[in-house]
Amino acid sequence: MHTHKDNFVDLLFPKRFVLRYNTKGERKNWHAYRSAVEAFLHLRGLECHLRDGTPSDALYLDEKERKRWETDDKLCVSVISLNIKGEPPEDFGRMCEEGRPAASLWEKLHTEDHAVARGGRRKGGDDDLFVKVLISCAFGGFLLMGLIMFVRAPPEAFLPSQNPRY
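Residue numbers (our numbering): 476 to 641.
Worth flagging that the hints you see were computed from the coordinates, not collected in a lab. Check the hints yourself; a few may be wrong.
[Claimed, not checked] Derived CB-CB ranges, DEER-like:
(1) 607 / 526: 39 to 45 angstroms
(2) 617 / 517: 51 to 57 angstroms
(3) 541 / 607: 51 to 57 angstroms
(4) 607 / 506: 22 to 28 angstroms
(5) 622 / 491: 40 to 46 angstroms
(6) 528 / 498: 27 to 33 angstroms
(7) 606 / 489: 22 to 28 angstroms
(8) 615 / 564: 33 to 39 angstroms
(9) 491 / 546: 25 to 31 angstroms
(10) 621 / 486: 55 to 61 angstroms
(11) 621 / 517: 55 to 61 angstroms
All of these numbers come straight from a predicted model, not from anything done at the bench. The C-beta atom is built at its ideal place from N, Cα and C for all residues, glycine as well.
Could you put together the complete structure from these sequences and hints?
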């Protein structure tokens, strides 16, 4: 258990490691976010806060050590919650407001990941939308090209030929 004096800016990840929720509640970047949180806390010796809501030797801790654990856990909660953009699930926000430990917040995010893997909410909703729009544009372009050829072609081009070229 190590308490660190971190600046607020030190707790924020670069954009590519931030967990993002879109307006449909679908999340993006989970794997990069998870790796960044785990690495950040591991480098500070705080990875146990992702697994345990209380220290394993809680019965034997004095008041000072218990306070250190709580301070470290608040740091972990800050790292987890500050690097989420958009609207996370409502119950996640409620858990933060209730002052739940980092382990329960982390478990909530992992549970959501397993629900998606089992067929819950779809992954990559924005990517799917992009592909649909791209295909629609390509099909529209094909139809437009056919329309242009039809309009610009002379009427004889559509009549049966007197001299077939077989």
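Do the hints match the structure? See the list:
| no. | hint | verdict |
| --- | --- | --- |
| 1 | 607 / 526: 39 to 45 angstroms | holds (40 angstroms) |
| 2 | 617 / 517: 51 to 57 angstroms | holds (52 angstroms) |
| 3 | 541 / 607: 51 to 57 angstroms | holds (54 angstroms) |
| 4 | 607 / 506: 22 to 28 angstroms | holds (24 angstroms) |
| 5 | 622 / 491: 40 to 46 angstroms | holds (43 angstroms) |
| 6 | 528 / 498: 27 to 33 angstroms | holds (32 angstroms) |
| 7 | 606 / 489: 22 to 28 angstroms | holds (27 angstroms) |
| 8 | 615 / 564: 33 to 39 angstroms | holds (37 angstroms) |
| 9 | 491 / 546: 25 to 31 angstroms | holds (29 angstroms) |
| 10 | 621 / 486: 55 to 61 angstroms | holds (56 angstroms) |
| 11 | 621 / 517: 55 to 61 angstroms | holds (59 angstroms) |
Going down the numbered hints, you'll see the structure goes against none, and every one checks out.
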